[in-house]
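Asks: Work from the hints to combine the two standalone chains into their complex.
Residue numbers (my numbering), protein chains in the order written: chain A, 1 to 426; chain B, 1 to 376.
Hints may be right or wrong, so weigh each one.
Derived lysine-lysine pairs resembling DSSO-like cross-links, with alpha carbons at most 30 Å apart [as the list claims (entries may be wrong)]: (1) B/Lys312 / B/Lys343; (2) A/Lys337 / A/Lys200; (3) B/Lys82 / A/Lys14; (4) A/Lys14 / B/Lys119; (5) B/Lys243 / A/Lys53; (6) B/Lys82 / A/Lys25; (7) A/Lys243 / B/Lys320.
Since the hints were made in silico from the structure, they are not lab data.
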Amino acid sequence: MAKRDTPLLDELEKGPWPSFVTDLKRQAEKKPECWDILGQLELSYHDRITHWKHGGIVGVFGYGGGIVGRYSDLPKEFPGVAHFHTIRVNQPSSKFYNTAKLRALCDLWEKHGSGMTNFHGSTGDLILLGTTTDHLEPLFYELTHELHQDLGGSGSNLRSPACCIGKARCEWSCFDTQAACHGLTMHYQDELHRPAFPYKFKFKFSGCPNDCVAALARSDFAVIGTWKDDIRIDQAAVQSYIKGEFPSNGGAHSGRDWGPFDIQKEVIGLCPTECMWMEGDELKIDTSECTRCMHCINVMPRALRPGVETGATVNVGAKAPILEGAQFATLTIPFIKVDPESEFEELIEQIEKIWDWWMEIGKNRERVGETIQRVGLPTFMKIMELEPIPQMVREPRSNPYIFWQEDEVPGGFERDVREFRKKHAQ
Amino acid sequence: MGYDPANPMVDRITDIGPPHFEQFFPPVIKNNYGKWLYHEITQPGVLMHKSETGDECWTVRIGAARLVSIEYIREICEIADKHCEGSVRWTTRNNVEFMVDAKDKVKPLMDDLASRSNKFPVGGTGAGMTSIVHTQGWVHCHTPATDASGVVKAVMDELFDYFTSHTMPAQVRVALACCLNMCGAVHASDVAILGIHRKPPMVDHDAIAGLCELPLAIASCPLGAVSPTKATNSKGVEVKSVKVKNERCMFCGNCYTMCPAMPLSDPDGDGIAILVGGKVSNRISYPKFSKLVIPFLPNTPPRWPETVAAVKNIIDTYAKDARKYERIGDWAERIGWEKFFEKTGIPFTIHCIDDYRLAYDTWRTTTQFKFTSHIK
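For reference, chain B alone in the conformation it holds in the complex (with noise of 0.2 Å):
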């Protein structure tokens, strides 16, 4: 029995899909299944949901790194048999949900939290912050221009009690990507910290034979840099390779995600630009695209000073500023992107500006603006 490597293919299981998720369900919920009334947040990470059964399943959301060990489920686990008949679950952000079906449960489970140092921190409810759902950074890819979990770290201390409270306007959702790949899908986010490169690739005229369709690799720029050359490897042999026309290039990394011989990271060239303003929510206004507003911060571990900084600016002017219900991107429509600069202080540079695909739809077409202290 068990696993033979002489013979792999016996007794092979394969597509049996996950599990179904029934299985997993706590009594309150599985009884409870399509007969929810209303909800109500009773404290910053505390949620009550009623039935039409009257029976309440009341959760306590914690926030959590993405990155995180079996010891620390294992923990998890001990928490959900003592307090939740064994059942927990993950929100799309990283959060860790413990249900109970009664309210007096919820304070021996909240102590039992607290006791066990700042693992567990109680928030990411209603008008305030939750976790920022990013990617793997420096930790486990081979394309990132930043790091995502240090820089998650960093910017989740500062904004800590935002996570725990309730004092924005609207909810605030952070995500990271480290490149622009954005396996996080930043780009319809509050605030999005995005990892860019800023030189472009190198080619590796020794490897890149061996390692790369040197077709794939001219298609995959969407711009048309990546050109066939000649060129002479390090032993002084003659090979087909590429060339690279460095003004056409955008510093996306496509060619490089293509051929591996074309390395675009850098110490210095890569950094982290900042977009605001976007939302998923169909809400009052449509969803919205992320929008830049700082083009570059450089990369500074460990704690990224002037990203956590730039980052809590802009939360902490939208929260003074904005009106009940309005998102970020919603308030700077409002008063307009010029007042977003000036009420930030952030400074408007040419490469807000698009200049890629469609960037005529961002242009302003109206004399209705706004004199703020750009118009000299």
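Looking at chain A on its own, in the form it has when it is part of the complex (with noise of 0.2 Å):
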């Protein structure tokens, strides 16, 4: 592969953000390959549209997802990027590595890829962008038997679930979210490698409501870490806020001068609930007020820290616009335990009722939240075999047109209208 004049690309070298185009370059020294990306790419800047074919299915005996088939539309210009893989290689929990594994990794990749990557994907896969489909089959072999890896989902499956950094180095994770993720990827193996799902499926976990995973906004299954009892305050820390002595939200807005703290304005007066005041030099909550949003954690995290009876919320059928709309999970679960211990038998029980009931309805391509919007959030409701409570919804329903069902009404739905004739004339 000859190296490719990219006129359009180079001014991307320009500026202070790292620049991908000066690191495909450098990988084009050891991997020719890659100036026919920087060639495909640079016709792309030109003619302003892609030169990637739809699709083609590719892959490794025994799986059907983890690897995306993707082709060059003018092949013989850029014979390099001719045929031109991902591969979805499923990243540990919170995506801790060692650089003698990211080495092994970098090697296996330099032997039979591009030598280009996504670190990572938005799902949370570490991608390998770019290979042959002769490639795949070693690859997969000496992913599997040497770096003892193997491959994330995609198509209609379990993806790759995902979690934040929870107890590894956050004082606000309610629940071990790495735990759960790692366990409840190694519990469903098969899901995630076998699409059988009528669509993808995600699982996300972050440990506190500031959600630092987005599992409220884009997974199916959200698992929100929550927790019942009192905020824990050390009133002796809240004075030192107020003194000035601690920076707010750990130093978050230290780069402008926005006054003095006050404890007043940026706390209490910002309590969605206004659950919090201050009675002479003691800061109180009223924890049956408190909808645990965060944000007074948050502001003084040397002061205020979650309760100890911790746990997770459950919120439902999350996903991106594509085709009904976007949508937001829906509170499910108000509060659950999350129990290594028990080997998350707590989550596996309400997502295999899930499961059960959306691979019998669900359509080609529905995702979970539509198919619930489609059904009704009742009838969901039932399916989870869930009391119904008002923390399900934001608020009533504004219109009259219940379904109610025969056995809810005395002397059924049967009538006859002969009978009623008798004492109602025409």
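Replies: Next comes the structure, spelled out in structure tokens:
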């Protein structure tokens, strides 16, 4: 593969942000097919349109996902990327690595692919960008035998679950997000590798309502840490914030003079439920009114901590807009224990109730959130064997069109119109 | 030993899943798992986490392109070996985090990072901007309406100072998806840069029979714009195909996803829409979807000046006007969307008014409004 002229892309080597073009050129010194990535991309910059063909099914034996076929629509002009498949490698929980593992992955990809990657893809996988069909089986063999790693999900299956950093380096994680992510990924290897669902299904685990992994916005089954008891308060530290000895919000606002810290304005006044007040020098919180939004804890991390009776809230059915419009996940289980000791059986029970039902009635390419919209939340709650509670809705319905069931009405639905007419002339 | 192409199923290993996370922890993480007390961002890009054991974990966060080479990763390894006992991690927003167990190890690490040209910018914390999460674009995808890496690079160059500082009212999360499929799930971002199509799909009558299941192509359209028809291919042969009712098309591209014989990308049709005010966090207000404020900007590689200027304008206006802790969506709701359009100078157009599903939820059903320049 010859070096390519890339006058348009060269413009993206300027500026302070790290340049992917510079990086691609550096890689091209060892992997000349990268010149064809650059060449085809330069042509796209000139033509203002993609030059990748639609799809193509490739994979490794026994798996229905994990590899996405990709072909150039100008294979003669760019032979280095004529076949350029994507490999999804399931990432370790919260993406910690050691350099031995990373170097082994780099060596594997130098041997079998283009040398270009995404660290990481949107769902969380480690993405290896660009190889040919004949490399897939050897790569998979070495990935599993020598690196002891596996492919991630693609297609209508369980996608690689993802989690926030959790207890590894965060004081707010209300359950072990990494253990839950890893445990359920291992438990559902078959569902991850062999598509059997109506469409994709995603698990995501965030340790607190700040939701750093965006579970509520993009996962079909969102597990988000929460707690039941009192926010733990260190009153001496509250005073230190009031006196300006500790920076607000962990120093997040250090670049600008916002004036002296004002606990009334910045914490108590912004509390969405107005459940906080000062009594003399003491900060008080009415736990029964608190909705655990995290604002006060975020602002005063050295004074306030989540309670100790911790677990998670499960919301179901988030998705991006395609097709019926974007959905956030709907509150389904207000509080659930997430327990590595029980191997997460509490979560597994809920997941399988959803899958058993959705696999039966979900339409092709229908996310579970759309299925729930189609049948209605009351129907879904019956499937989940959940009692209706006001926490499941923002507000009660404003129309009176209830789908009454026959057994809810005395005498049922069958009536005799002739009997009716004896008393009510036409 | 090794892979035998004649016997691919011999000694096959499957379903082993990802490696267990714990083996990758540096000692300070392993020893303090679940024991963290509090954290502080001591300067942009540097976090200190304090454990109840007294230990401290100092993290230096750097911004990265999502599209990176193995040479780049090997350089990350070199840095991690030198300073971080061989451990490193990535965040959900494609930042890289180097962790050390003492404050005095931070400066040598930062000096090392700074010595490697602009490859490892430190920042992405607190009330600032962090890396833009994004999709593949023209580098690797078959359905994009714009590029991803190039637009992100151009926007981050312009907003770089927000990445390395804490000068905004709250954190600003920018995301880019290169088509409406949104592999990047940009629908709950403070600023979403979204590739969109504006021309209905063409139908390739020569290819459709071999490429598509017609009923799936027809069912793929949410608005019933695709219907069966008989057509004549370029050889003059009558074939079963589909037709598109253009006036019903909403340019979602779902038909092309299901049927490769219905391409819709176009140099002049495709471009970028800007949506603002979404968020994921439950902090103070509920999570919010991003709202469309600029329906179309053209694809202008290599540096997309219109898109860069539009994003900068929104973020600059917000940074000047919003209150401490207010996200862009909270700010827009407090001042009212009419004020948002007035303050940013973004023209309000008919395309900003929803006419898809649940559109009524977004119409204003009160007499409360503000008199802005929009009312003549």
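Asks: Need the list of violated hint numbers for this structure, in ascending order.
Replies: none
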